[in-house]
Amino acid sequence: MREVGATAAVVGALAQALLVALASPLLVGLVRTLKARLTGRRGPDPWQPYLDLLKQLQKEAVISTTTSWLFRLTPFVLVATMLVAATVVPVLVTRPALSFAGGIVLVMYLFMLGTFFLALAGLDSGSAFGGMGSSREVAVAALAEPTVMLAVFALALRTGTTNLGTVAERLGGEPTLAAHPGHLLAFLAFFIVMLAETGRLPVDNPATHLELTMIHEAMILEYSGPYLAMIEWASAMKLFLYMTLLINLFVPWWIPTEVAGAGMLLGALALAGKLVILAGALAVLETAVAKLRLFRVPELLAGSFALALLSVASVVLLR
Amino acid sequence: MFRQLAVALRVGIATEPASSFATPSAPALEDVGPRLSAAIRRIFGRSLQIRQVDAGSCNGCELEIGGLAGPHYDVERFGIRFVASPRHADCLLVTGPVTLNMAEALRRTWEATPDPKIVIAAGDCGRDGGIFQGSYAVVGGVAAVVPVDAVIPGCPPSPAALLAGLLGALGRQS
Amino acid sequence: MALGGLAVGLLGFTGWMGGAWTLDVPWLVPLSGLSLRMDPLGGFFLLLVGAATVPSSIYAIGYARGARRGLGAYALFVLAMALVPLAANVPTFLVAWELMALASYALVLTDDRDPAAVRAAWIYAVMTHAGLACLLSGMLLMTAWTGSLTFADWPAAATTLSAPARNLVFVLLALGFASKAGVIPLHVWLPAAHPAAPSHVSALMSGVMIKLGVMGILRVGLEWLGVGAPWWGVALLLAGTLSALGGVLYAAVEGDLKRLLAFSSIDNIGIILIAVGAGLVFHSTGLETLAIFALAAALYHTLNHAAFKALLFLGAGAVVHGAGTRDLEAMGGLIKRMPWTSAAFLVGALAIAALPPLNGFVSEWLTFQALLQNGRIPRPELNLVFVLALAGLALTGGLAVACFVRAFGIAFLALPRTEAAAGAQEASPTMRAAMALLVVACATLALTPTLLLPRLGATAARLLGDAAPSSREDLLTIAVSGDFATLSMPVIAVALGLGLVLPLVALRVGRAPSRIRHYETWGCGRLLQTSRMEYTATAFASPFRRVFDFFYRPERRVEIEAHAESRFFVRRMVYRNPTRALVEEWLYAPLLGAVRAGTDRVRAIQSGSANLYLIYVLAALLVLLVLA
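Residue numbers (my numbering), protein chains in the order written: chain H, -6 to 312; chain C, 6 to 179; chain X, -7 to 620.
The set of hints was computed from the structure by calculation and includes no laboratory data. Cβ atoms here follow ideal geometry from the backbone N, Cα and C, with glycine treated the same way. Wrong hints could be hidden among the right ones.
[Claimed, not checked] Here are the simulated distance ranges between beta carbons:
#1 X/E411 x H/L7: 26 to 36 Å
#2 H/L7 x X/Y580: 56 to 66 Å
#3 C/A43 x H/A274: 36 to 46 Å
#4 X/G218 x H/K284: 54 to 64 Å
#5 H/L7 x X/A67: 21 to 31 Å
#6 X/T281 x H/A265: 36 to 46 Å
#7 H/A274 x X/G316: 41 to 51 Å
#8 X/R549 x H/L285: 26 to 36 Å
#9 H/R286 x C/A43: 43 to 53 Å
#10 C/Y141 x X/R563: 17 to 27 Å
[Stated by the list, open to error] Where chain C lies over chain H, by a calculated footprint (3+ residues, C-beta under 8 Å):
#11 50 to 57
#12 70 to 83
#13 179 to 187
#14 217 to 223
When you get a sec, could you build the whole thing from the sequences and use the hints?
Now the structure itself:
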C-alpha cells in the first residue's frame, strides 16, 4: 500500500508514536489500580504514573562516578527503540504508516536493542545489583524473544506475510484463518513471553524491593531524575506494544483498515475495550500467581518455546 | 487461585477513608524545617516516593510503617510509594537513633538521593535518640547526621499517625 | 601489504561485477599446471580476501611493530587465500589450499614459546590435513570418474555419474570443506588456533579463511556435481543449526576473549550454512528463485561477518595489547582508558548480535525470510527441517545478544579488575584507523542492502546456471515475494536517529535534568566499594550454565584445605566449575584412544631387527608380484 505519500507517512508515524507514548502510562496505571482493587485496597488512580513521571522530570540526576557515556545514552536508546517500534506495530489502523519498514523480526530485534543497552547500563555501574539484573535479564530475553518470533511466524505462515499490519488485516478479514490449533498454541506462547519480557509476575515482580528477586528493576537502580523517567516510560511503552500486538494479531476484529473518521473512532473504542479486558486479565493473573523462583523461570520459558515451536510445526504440517 | 479471587470479590475494598483516623491529641508533625517549602510541596504533592532507612531502629517503627502498605491504611492511594533505591526516592523516612555503625551509611544514602528531597524522621528515636538517648553507641537523632525536614513523634507512631504526618508534610489534609 | 590487499580487492570486485577471464601457466604446478579462472563467485571471495586484508595490514603496522619474521608467512597466507577462489583445476586448488594451511600454521606458531600455542598449532595442523585428506580423496575420485582435472568440466560429466557416486564425492568434499569452515563437530581446531595467532591474522582467519570452506561447499553442492539430492541441503541445514547453537552456547560461557570470538565465528558459519542448506534444498526441489534468494542471504552474511568479525578481532587485539591479558575476568573499565577501541568494539558487538540498524541484522533478516519460504515445498519432512532451523536461528539470535552483552560489558565497563587493566593504553593510530575503516564498512553494508542484494542474487544465479533475477528499482526497501516481507534499513536508521534526538531536544528545552551530580554507585551505604563488588564474567554466564547444563555438563570440583587442628578451620578452598567440551570428550577422545590402541598393537611388528625387516620387504614383494 504505497499510495500513501511520504509526508503523510511521516505524519502518520509521528501521530502513532505520540499516541503510544501518551497512552502507555495510563495502561500501567490501570493494571496497578486493578491489582490493588483485587487485593482489597483502593489503590492509586490509573493516571498516577503520569504524575510520577512528571515529578521525576523535575528532579536532578545523580550519576555514578563509575559509569561512562553509555549509561547516559541508554535511556535515549530505549525510548528511541520503543518509538520506532510503535510506528511499525498496528495500533489504530491495520497498516501503520511505516509498516513497510519491517515486520515482526524488526520489532523483536528493536526490543533486543533496548535490552542490550539496558543490560550494559546495569553492568556499567559496577555494582553487584546491576550485574545481577543484567545477567538475568539477558538470560530471560535470550529465551523469550525467539519464542515471540516463532509464535508470530506461525501466524505469518498462515497468512502469507510477516508484515504485522497485513497479518492483522488478513486475519481480521478471514476469521477462518484463525481457526487452527497452531493459532491457539501461538497465543499461549505469546502470552507467557509477554509476561517475561515486560517484567510481570510470575517472572518478575515490578513492585519488589528485594534486590535478589529483581530482574528489570535491578538494572535501573542507579538511574534517577529524567533518565529514570525515560526508562520507566519506555517500559510502559513496551507493555503497551506487547499487549497491542497480542490483541491486534490474535483478536484482530474491528480494526479500521484506513485512516477515516468514523472507522477510527470505532477502532479506538475497540482497542481501548480490548486493552482494558487484557489489563484485567493481567491483573487477575498477577494477583493470583506467586513469583517463580528464578531458576524455574527458564523452565517456563522453555515450555513456551516448545509451544511456539509446536505452533509453527502444526501450521506447516496441517495445511 | 479462584478461591483467592472469590475472597477478593466478596470482601471488596477494605480501605478506611483517611479522615476516619482519629487525629491524635499530640500534633502529627513536629519541627517542620524551612526546606519543606511550598515549592517542594508542589512537586511532591501528588507523587512521593519514599526510601525507608533503618538507622539502628528496634524495628517497632518498621512494623508500623509496614502496616501503611496494607489494605486498611493504603498509602498508595495518595500517590505515595516505597522504593528500593535512594536514587529513585524523594523522601527518606529514617527510623532509629542512628547508631554509630549506621551513621556513615545514612549519610551516603542521603547523598545518593537526588534533589529536591526531604527527610522525615519517624519515631522518638529519630527525633532525639528516644529511649537510647545518651548511649555510647548512638549518635543521637537523625538531625545529627542529615538535615531533617519533619519529625513524626511516637514510640512507635501508629500507622494512622504516620499517615497523618506524611500527608501533613506534603501539605495535603486527609 | 595493505596496497597489495587493495589491488587484490579491486581485482575481485571486477570479477564479481561480471568480468570473466582465464589464465593458464602449464609449467608452474605439477600434473596439469596452474590454471586460474575468474567467475562471479570467485570474484566475490577474492573481493572478500582483498577487502579484509586492507584493514588487517594497516592494523599490523601498529601491532606487530618490529616483528619481521611473521611478514613472509603473512604475505604467503594472503597470496594463497587469493589463489584459492581463482583455482580452476585440482592441482592449483590443492597447492593453494595447502599453502594457505602451512602459512597459517606458521602464523599460529608465532609465539612458539607458549605451550598452549604450540598445542593449538598441532591440533590445527592435524585437523587441516585430515580435511585435506578428505578433499584429496574426493577430488581424485571425481577426476578418475569424469576424466578431467579441470573444474569446469565436472558439471557436465557429473550427470553421467550414478547417484551413490555423486553422494560419496559430496560427502567427502563437504567434510573436507566443513572442517576448514569450522562446523561442529569438526571445529576443534578453531577455538585453539584463533586465540594463539596474532590478532590481525585471527581477523583474516575468521573473516576469510573459514569462508573459503563455505565457498568450497557452495561449489561442491551447486556447481561441480550438478543438481544434488535434497538430503544434501538437509544435512547442511542441520549441521548449520547445530554449529550455530553450539558455537553461541560455548561462546556465552567462555572466559578468554579471543576464544569467545572464535566460538562466535563457529556460530556465524552455522548461520551461513543454514542459508546455504536452504538454498540447496530449494535448488534440488526446483524452486530456483528461492534458491537464489537463500544463497544471496548466505553471501551477504559472509560479507557482513567478515566485516564485523574482523572488527571484533582487531578490537580484541587492541584490548589484549593494552590490558596485557586475554582473560575477561582481568579486564574492566577500559571504556574510559581506551575510548576509541571501546566504541569500535561496541559497533562490532552490536553488528554481530544482529541488532538494527547494523549489517548483521540485515543478513539475519534475509536468512529468516529465506527459511520462512519453505511453505512452497510440498514435502512435510523438509518443512519440518526448516522449522527446526528457524527455531535454532531464532535461539542463536537471542543467545548472541546475551553473549556480547557479557563480552563488552565485563571487558569494557565499570571498574578495572586488575592493575594491568587500570593502566591500559589506547591503541596506536594505525590500529585505530583500521578499526575505523571496518566500522565504516559495517555501516555501509547496513544501509545499502538494496544495492548489494541484486548483485549477490546475480552471483548466486550464475552459480546455479540460471538467469539473474530482475531487480526492482526501489532504493529504500527490500521486498520479498511481493508483500511477504519488506525491510527498509535507511528508514529504520533515520527513525532511530530521530528517536534519539527528539527526547534530547525535549529535555534541553525543558531544562531537565535541573542538575547533574556525580556520586558513588549505590552500594547500600556500604563503606567498601571496590572492583571486587562487580559482577564477574563467570557469574554473568551462570544462568546459561544452569539452563543449558545438559549441554555444558559442568563438573563441580571443590577442594578444601583445613588447618591441622580442626577441619572446621578452613585454610584454603578451591572451587572449580569447568564446562566440558562434549565433542572432544565424546568424539575425539574415543577416536584417538582407538587409534592409539591400534597403533600399540601394530607396534609389535617393530622389533628392531634388520633381518626381520628384510623378511617383511620380501613378503611384500611376493604379495605384489602375485597381485600383479
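Hints versus structure:
Taking the beta carbon of each, X/E411 and H/L7 are about 52 Å apart, not inside 26 to 36 Å as hinted. Roughly 59 Å separates the CB atoms of H/L7 and X/Y580, a value that falls within the hinted 56 to 66 Å. For the pair C/A43 and H/A274, the beta carbons lie near 43 Å from each other, so the given range of 36 to 46 Å is met. Between X/G218 and H/K284 the beta carbon distance is about 59 Å. The supplied range of 54 to 64 Å therefore holds.
The supplied range of 21 to 31 Å is broken by H/L7 and X/A67, whose beta-carbon atoms lie about 55 Å from each other. Distance hint check: the CB atoms of X/T281 and H/A265 are about 44 Å apart, consistent with the given range 36 to 46 Å. Separation of H/A274 from X/G316 is about 56 Å and departs from the stated range, judged on CB atoms against 41 to 51 Å. Checked against the hint of 26 to 36 Å, the C-beta distance between X/R549 and H/L285 comes to roughly 30 Å, which is consistent with it.
Checked against the hint of 43 to 53 Å, the pair H/R286 and C/A43 passes, with Cβ atoms roughly 48 Å apart. Against the hinted window of 17 to 27 Å, the Cβ-Cβ separation of C/Y141 and X/R563 comes to about 37 Å, which falls outside the hint. As drawn, the segment 50 to 57 of chain H meets chain C at 5 residues by the rule of a beta-carbon pair under 8 Å; at three or more, the given contact holds. Counting residues of the segment 70 to 83 of chain H whose CB lies closer than 8 Å to any CB of chain C gives 0, which falls below the minimum of 3, so the coverage claim is violated.
With 0 residues carrying a beta carbon less than 8 Å from a beta carbon of chain C, the segment 179 to 187 of chain H misses the three-residue requirement, and the given coverage is violated. With a cut-off of 8 Å between beta carbons, the segment 217 to 223 of chain H has 3 residues touching chain C; three or more are needed, and the interface restraint holds.
Violated hints for the displayed structure, listed by number in ascending order: 1, 5, 7, 10, 12, 13.
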